[in-house]
Every structure is written in structure tokens, then in C-alpha cells.
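Trainee: Following the hints, complete the assembly by docking chain Z onto the known chain X.
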Amino acid sequence: MSVAALALLAIVTLLARRTVASPWLRRLRALLPSWRFFDRAVASPALWVRQVDDGGDGAWRPIAAPPRRWSGWAFAPAGNLALAYHAIVEQLVAELGELELESSDDADPAAPLAVETDPQVVGLVSYELVTRIARAYTGARRFQWKIVIPGDPAPTDYLLSPVLT
Amino acid sequence: MTESVAITWMARGLAVAAAVAALELLVVRHAFADTGVLAWPVLRRELAGAPRAIRALADRVLSYRGTLALMLLQLAAALALPWIDHPAPAWIVLATTLAIAIRCRGSYNGGSDAMLIIVALAVALARTAPSLARAGLAYAAAQLVLSYFVSGIAKLQDPTWRTGRALPILVRLAHYGVPRRAAALLSRPTLARAAAWLMLAFECSAPIALVDPTICAAWLAVGAAFHLVNAMVFGLDRFLWTWLAAYPALVFWVSDRTTS
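Chains as they are written, first to last, in our numbering: chain X, 1 to 165; chain Z, 1 to 260.
Isolated chain X, as found in the complex (with noise of 0.2 Å):
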């Protein structure tokens, strides 16, 4: 009887990483956990930075965790808001793959997306939070970010938003 219960628990959380449609309901996925920790080991998307002054561009920088204190192995706060809106940028990513999918229905596949002036992308929530993610990095009137996506000889620039302010 419990291995029959364990079983079906299995299955039940193999199904879990399927997605769900509505993201209201996705919003409940804590009480369905999927268990997959690290299951594709790839490099993920950054998001890099940089300040716009009057007197010029500043350099881009990607942003990383906090400096680790000696505690941080029992109690990380900065830590793991730094993964939560690493989550965010990895959002924003699935997202636009999930865009570019539909577009390419009736549009020239060929033909990127449009993303500094498409509703649908500047839209989303998601990109309305990594842009306070960048606001809140740079500390800047004017900015601009941009998602890298690591590559294979050299790293490839996904997404580059406006000069913000």
C-alpha cells in the first residue's frame, strides 16, 4: 500500500515539471515541487548593465551574487534575493522563446523580433522587473541592460533595452 502511494507520488511529481498555461495557476507550483534540481548544468543568461551619463557610456558589467560573508553558509539574505532575481532574468528569457515561437507562425522566421518597440515584449511583467532589477544595480538616472547568453566561441548579446531612465 505505501509503496503503491510512493509510486503514485512519483509520477505525480515526474508530471509536475510539464508547464502549466495559466500564469495565475503557475503561481501555486510550490505545493506541486518537481525535484529537479540542477537537471541541465549549461550556463545560464546574465544580465549585464551600465550607466548613461551626459559625458558618455559607461563600461557594461554583469551582476553577481554579494560578497559571501563567513555566515552565509546558515543565513544569506542578499544571497538569495540575488537567486530570486536571477529567476526573473531566466523568466524573461522563456518568455521571449515562447514569443519569438508565436511570431514565427505568420512572420518571417527569419526576421528578429522587434524588441525595443514590441508591445508584447516590453509588456511582460518579467521586463518590467529586470528593468528595476537594473535600476536598482546601477543606482542611475540613465541606464541601459542588456541579457548575455553564454556561447561557444564567445558569448551573444539576447536582448539590449533602451537607454532607461
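None of these hints come from the bench; they were simulated from the model. Just so we're clear, the structure is a prediction, and the values are computed from it rather than from any experiment. For every residue, glycine included, the Cβ atom is placed at its ideal position computed from N, Cα and C. Each hint should be verified, as a subset may be incorrect.
Claimed, not checked - To spell it out: a stretch of chain Z is covered by chain X in this simulated footprint if at least three of its residues, at any positions, have a beta carbon under 8 Å from a beta carbon of chain X; those stretches are:
# : segment
1 : 21 to 30
2 : 150 to 160
Stated by the list, open to error - If you want the ones that stay clear, here's a sample from chain Z, every Cβ over 10 Å from chain X, calculated:
#  : residue
3  : M1
4  : W9
5  : L79
6  : I84
7  : D85
8  : W91
9  : P189
10 : A194
11 : I208
12 : I215
13 : G223
14 : A225
Mentor: Positioned in the frame of chain X, the structure of chain Z alone reads:
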């Protein structure tokens, strides 16, 4: 181990895990303000398809002030858990963890939110109706075993893990902020391959913990060390506290099954 002892230790572990989670959120509460990154006026746009009653409730509970109240409530409930043998603190930890996860688009800290909810559910059920204690413990034990086993099987399917190239990739990810010395060590091919296979063997062998109480204790000791290393290398502190809180459920379930 008896049911009541298992629940007592789970409640203590849950208290630590939930208190750490609440305190961490309170430290970075600025991110949840309307001017912060995780601002509710932005996040609420994703609830456009939800029923009106749910949206109205969410606006009240998940606003910045509401979220601060949730964090404080979770902290208070966590502190009460070891001292008050009443179901309310465990239900409150469950509800506040779920509410904060919902606010953060499903989870704030990945699987640790889910395991916190599972442990809270087990304690809450046991304290609400003693007749439900065994069901709660069995559910927590099953999820604990699955958390390792499913994760191990999923990794095993990826050639990057099997060839030992996974850890050098993961330790270079900037968002984990892996200490430089640990990153250099785990980037050595031989060590990376050995560590990867040790991890795969450990995770995939989770079901053997069900066989016998002694094996279970030894396996969980390795598990605790595994989480401690993860916390030190990748900064995954919440996974350490939350998984440790679930361990008594497995100890009880295995000892109960083998003695009956």
C-alpha cells in the same frame, strides 16, 4: 522513534527553517516595496486572468504592507512552534510561505519553499488531529526521498553530469557567487568527475534509506553533510535548514515500517 518524538523534532527544525526564511525576507524587504524590484503593482498584472475575488484578496494580502505582515507573522509562528503544542503556528507557517511564494510568481527560493510547505503540513496535520500524524509523516518522508531520487535520475540523463563537466559549469555561474577557492577546486577535471559521480550515487540511492533504520541514519548523515557543503559552496542555506527539518519524518517512517 515515536510519532510524537518525530513531530517534536520536525517542529523544532521547522521553527529554525521558517525563522531563517522570514528573517532573510525582512532583511531585504526593500525589494518588496512599491519602488523595489518585486513591487506588487507590477506583479499583480499577472493576475489579470484570475477571478475578481482572488484579485481583490491578493491586493489586500500581497501589497507591501500585507507582505511585511506576512513576514512578521511567519517569524512569530516560527518562534512559537517549539513552545506551543497547538496547530495554529504550523498552519500559519504553511499559509505565509505559500502566500509569499505566490507573490513571487510561484516561489522565492525554489524547492526550499516547497519543502517548507511539506514539513509545515506534516506538523500541522499531526497537531490538528493525531490520527492524521502518520499520514503527514508518510507524505513528508515520501517527498524527502523523491526530492533526492528524482533530482538524481534527472541529472543522470544529462551527459554533462555523467562526464563530470557539470560542476565546473555550475561553479562559474555568477549568481551563485561560489568562493574562488572552491570554484578552482571543483573545476579540476578529476575532482569534478569524482564529485559529480558521488553526488549522482548519493541522490539516486535515496530509496535504500527506506530499507533499514541504521542505513537510513547513515544515509541521512551523508545528506546533512551534502546540504552543508551546498550551503557553503552555492549559498543554498535554506535548503540545509528545510531538508534537515524533514529528516525526522523519514527516520520515523523507516523505524515504524521495520518494527511493525
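Trainee: Kindly indicate which numbered hints from before are broken by the structure, ordering the numbers from low to high.
Mentor: Of the numbered hints given earlier, the structure breaks none, since each of them holds.
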